[in-house]
Every structure is written in structure tokens, then in C-alpha cells.
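Enquirer: Sequence:
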Amino acid sequence: MASQSVLTPQAEDFPRWYQDVVAKAEMADNGPVRGTMVIRPYGYAIWERIQAEIDARIKQAGAQNAYFPLFIPQSYLSKEAEHVEGFSPELAVVTHAGGEELAEPIVVRPTSETVIGEFMAKWIQSYRDLPLLLNQWANVVRWELRPRLFLRSSEFLWQEGHTAHATYEDAAAYAMKIHLEVYNDFLNEVLAVPTFLGIKPPRERFAGAINTMTCEGMMRDGKALQMATSHELGQNFAKAFDIYYQSEEGQAALCHTTSWGSSTRLVGGLIMAHGDDRGLVVPPRLAPIQVVVIAVRDEPTVNEACERILASLKSAGVRAVLDRGRGSFGRRLTDWEIKGVPLRVEVGPRDLAEGVVTVVRRDSAEKITLALEAVAPQVPALLETVQAELLRGARDHRDANTCDVPSVVEAIDVAQTGFARLSWDLVGDSEEAEMNSQAVTIRCLVRADGSIPASDLEEDLLCIVAKAY
RNA sequence: CGGGAAGUAGCGCAGCUUGGUUAGCGCGCCUGGUUUGGGACCAGGAGGCCGCGGGUUCGAAUCCCGCCUUCCCGACCA
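Using my numbering, read the first sequence as starting at 1 and increasing by one per residue.
No lab work stands behind these hints: they were computed from the structure.
Treat the hints with care, since some could be wrong.
To be verified - Keeping only pairs whose Cα atoms sit at most 27 Å apart, straight-line, the calculated BS3-like set for lysine-lysine is:
#, residue 1, residue 2
1, K223, K122
2, K24, K223
3, K177, K59
4, K122, K59
5, K122, K24
6, K239, K314
7, K122, K79
8, K24, K239
9, K79, K239
10, K24, K79
Claimed, not checked - Quick list of simulated restraints, FRET-style, between CB atoms:
#, residue 1, residue 2, range
11, R324, N30, 29 to 37 Å
12, V38, R308, 33 to 41 Å
13, E384, R324, 23 to 31 Å
14, T369, E458, 53 to 61 Å
15, E410, D242, 48 to 56 Å
16, S455, S407, 22 to 30 Å
17, D425, E189, 47 to 55 Å
18, A23, E434, 49 to 57 Å
19, D298, R146, 40 to 48 Å
20, Q19, A52, 23 to 31 Å
21, D298, E373, 33 to 41 Å
22, V38, E384, 18 to 26 Å
Backbone N, C-alpha and C define an ideal beta-carbon position, used for all residues, glycine too.
Could you put the whole structure together from the sequences, leaning on the hints where they help?
Expert: Next up, the structure:
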């Protein structure tokens, strides 16, 4: 009856562990076409929680949701030179439809700057129409050569925001606002993943952008994951799509646009940032199921007690479910652990005889005995404690594996297991090539005080380098 | 897309080297019973175009060729 591990241990083979978690926690399956993903109900429930939290923050920032078509005329992509060059290798193109070859091929959207630009041009007439703040939740297609569930799939789900502003300053400020108040706030407060915020070096910029900001998180194996990005597009798309407005003075002027996105990749980030050898660990504020009430045995008195506890938790605003005592106890515990449910409340005859239950934390395995009446009043605070400790744990892990180094050679060494931070001045083309040959990449540029640079031309910048997903 | 490994029941695998009746095992699943405080046990049962296509052969899971898919390592990306 000794429990043997049901997952490949992280230390033995991290990628294998990841796949085991995705499969055993019933999050996703591979689709029939290479690179496609079937998101199962539990994985989708997590995504819906991510969506809800991000969507609320986007609306708080003033943007409105809309929907643009999946199909984009190929000619649109070509209007912005860097954009088409950046995306053409990964485009899926429809050449036949309605039983005939199409006169103009149709691209399946890899992102929607172009179509949205076209309509922004139509909708924006006056400075009074600015800023125009749009967002859409959609699927996009980028043909991937090496797919991985949630992290890199040929079709994925995301939100893409697109805005148009009268001035460069407004646009830059809004992109920054989204980056801090939507993405970084969500990542820290909900996903419990501390980030490095910075800008991408010129080579890594979004195709067509003048500046790209990123949120880089550290996974438990020390590798980096880009968890969200915001782009200043300058007037590149405004020029390509004629997005003009008439100013107060009656002059025609070009808009400045931004775009920003976060995707189902965040689910992969969640798995790798908090998971352990027992499976997923979901932060309480994110968890679709925060508490599982487990009946040790399937008998009337136990079940009645469970029902009462469940009802009291729900009325306290806790997302809770009931696991009736069918099947072996140990097996059920293991299943809930793999799914990463933050707290479980174990209810059995021995507990009930004493008027108590046993509450167990997923993150620390700590067991707490609570009086029956104390469960609903105390669980919300306990969930917040777990949330805070997950963030603290992730921050400790990140800090312990982030090192300031004086040279590229040492940066490559440090990047085998974590992040290295060094002067950006030390990294020329040949140094970057040397790092890249070891799979180490520049994740972002930051100021010495950790804030986000306005441009890569600022002096005394630092760069954070790491292996990345 | 390049280099490597692998596809046999839902999952994990054996069988292939040296072709030969009905293709096995563990877990899971179904039925019945006993169980239930950390992956329970007994008995019975269901489930396979052996990845796909072609070739060699009297005969192919097994040998040969092509393709597809998955995993690992690179280049590309959210």
C-alpha cells in the first residue's frame, strides 16, 4: 500500500514530468493534427479563470471587447513589411474554398494587427475618437515546428489588445499601463508568479513593433517563460493601414498604435512555476476548485456532514466540490493532489466523533484540525495564506537562482540552472551568438533599479539571460 | 525543418535479433463480493486492421521501402 510516485519526478526528467501532469491532471490531449491541442474540462476551467481575471483587468484599463474574423486577406499581411516577413514562415494559408481555387489566398490569423488596423482606419475620424481601446479573445494559428501542449501549439487561445492613440506618449503610456496593471498584476496577485519586466532587444521584437515589453517568469527548472507581452507599434501600422485622425487644429495626423497579448501558454506557466512531484499546485485565487470536501467513507452521517460543510463553504464564497466516499481513500487523495486543489477537508467517522475535520494544504502537506463550525469561517483566510506563501516560495526560488555576473562566459554557466544578469554593454553580436549556441538567450533588458527601460538605447542597461521555453 | 529515439488494448511495456497455430503482461475499465483514515483485495469479464501504405515470402507485429505521429536536442516563436 506504500504509494509509489505516479508521475516522473521533476529531478529525473522535467519535460516528462510536465507531460505526465498534463495527462494525469486531465488538462489536455494532443489533437489529431500535429501541433493541435484538445483542452479538457479541467484545463479549460483553469483557462476560464485566467480569462476572467485578465478580462476584468483589461476592462478596468478601459478597453472593450470585440471580435474580428479568423480569415484575413493575404494582401493585408503584406502591407507592413516587417510584419509579413516575421510571420510568413508560420502562416497557415487557405487556397481553396467552395470547391474552387481562391483568387486571393486567405490567411488564418496569426495575430490581428492587420484586420484591426483596417477597421481602425474606418472608425477613427477625429481626435474625439481617440484613444480607441479594443481587445478580443480568439484563437490564432502559427504553424509550429516543435509543439508542446499549452507552451507551443499550432493553434492556441489568447487575448489580443489593440489600441490607437493621438500621440506617441499616450500610446507608450497605455502599453505600459497594460503591462503593469493587467499582466504583471495578474501574474503576481493571481498566478503567484514573480516576474522580471523589461524590453526585448531589437532582434527579438515583435514583427512591426518599435518596442516590445515582456513579463519573464522563472519555472521550477530555472528556465524562463515569456508570460505576456505589450508592444508599442509606433506609426508603422497606422501608415500601412491609413489610420489617420483630424486634430483639434483640423490637421490630418497619423495615429500611434499598440498591441498586447497573453495566451493559453499561461496554463503551461502555471504548471511549471508551482508544480511538484505530486502534481499540479494551483494558487487559490486562480483555482477553479479551491477546496475539495472528502468523505472518508460513503456512509450517511459522513455524507450529511460533508454536505453541510460544502454548503457553508459555498455561502462563504469558496469554490468547493464534494468527493463522496466511493473508491479507496488513498486513491482519491492522490487524484486531487495531481489536480493541485489548494485545500482538502477530510471528513471521517473519527473526526466527526470529536466534532472536528482535518484540513490539508496541497502546497505544504500541512494538516490542520478544525472544529466543524470553524471550517467555513477560517478557510478563506487559509486560502489567502496559501496564496501568499506560493508567491513567496516562487520569489525565493527565482531570487536564489538569479545571479549577477561580470562576463558572458559566467552568464552561460549560470544560465544552465537559472537566470544571469549582466551589463548589456558586454553583449555584442559575437557574444550573443556564443550564448545562443548554448541555447541561452537574452530574455529582456532592464534598468539597474529593475524598472522598464523606454528604449534599448538607454545607457547602463542590464540584460537577463537564460534558457527559455 | 536538421540530428537522435520510439509507435503493439485507455496508459505503461514484453514479443521482433533467428518470420510459423488463438499476440502476451502490469495498471486502468465492466460484473459480483469483501473493503474504505495515503494509489485495497478476490473471482469472473470486455477490450487489438501490432501507426498507415506498399514490397519480399507459402506465411509478416517480426525483414525491406515510403509516409504519418509522438518524445528528446537544435534553429523559430506567445
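Enquirer: I want to verify a distance hint. Is the separation of the beta carbons of Q19 and A52 within 23 to 31 Å?
Expert: Hint holds: Cβ distance 27 Å, inside 23 to 31 Å.
Enquirer: Quick check on a hinted range of 18 to 26 Å for V38 and E384, using CB atoms only.
Expert: Distance hint for V38, E384 is violated at roughly 34 Å.
Enquirer: Could you grab the alpha-carbon distance between K79 and K239 and see if it respects the 27 Å cut-off?
Expert: holds, 9 Å
Enquirer: Straight-line Cα separation of K24 and K79 no greater than 27 Å?
Expert: Answer violated: K24 to K79 is near 45 Å, above 27 Å.
Enquirer: Starting from K177, check that the Cα of K59 is at most 27 Å away, please.
Expert: holds, 12 Å
Enquirer: For the pair supplied as a hint, K223 and K122, confirm whether the alpha-carbon distance does not exceed 27 Å.
Expert: violated, 44 Å
Enquirer: Do the beta carbons of E410 and D242 sit within 48 to 56 Å of each other?
Expert: holds, 50 Å
Enquirer: For the pair we were handed, K122 and K24, check the Cα-Cα distance against 27 Å.
Expert: Status violated; Cα separation ~49 Å.
Enquirer: Does the Cβ pair V38, R308 satisfy 33 to 41 Å?
Expert: holds, 38 Å
Enquirer: Taking 29 to 37 Å as the stated bounds, is the beta-carbon spacing between R324 and N30 within them?
Expert: Hint holds: Cβ distance 32 Å, inside 29 to 37 Å.
Enquirer: Can the suggested window of 49 to 57 Å be confirmed for the beta-carbon pair A23 and E434?
Expert: With Cβ atoms ~38 Å apart, the hint is violated.
Enquirer: For the pair supplied as a hint, K24 and K239, is the alpha-carbon distance within the 27 Å limit?
Expert: Status violated; Cα separation ~49 Å.
In summary, the structure is inconsistent with hints 1, 5, 6, 8, 10, 17, 18, 21 and 22 from the numbered list given earlier, while agreeing with the others.
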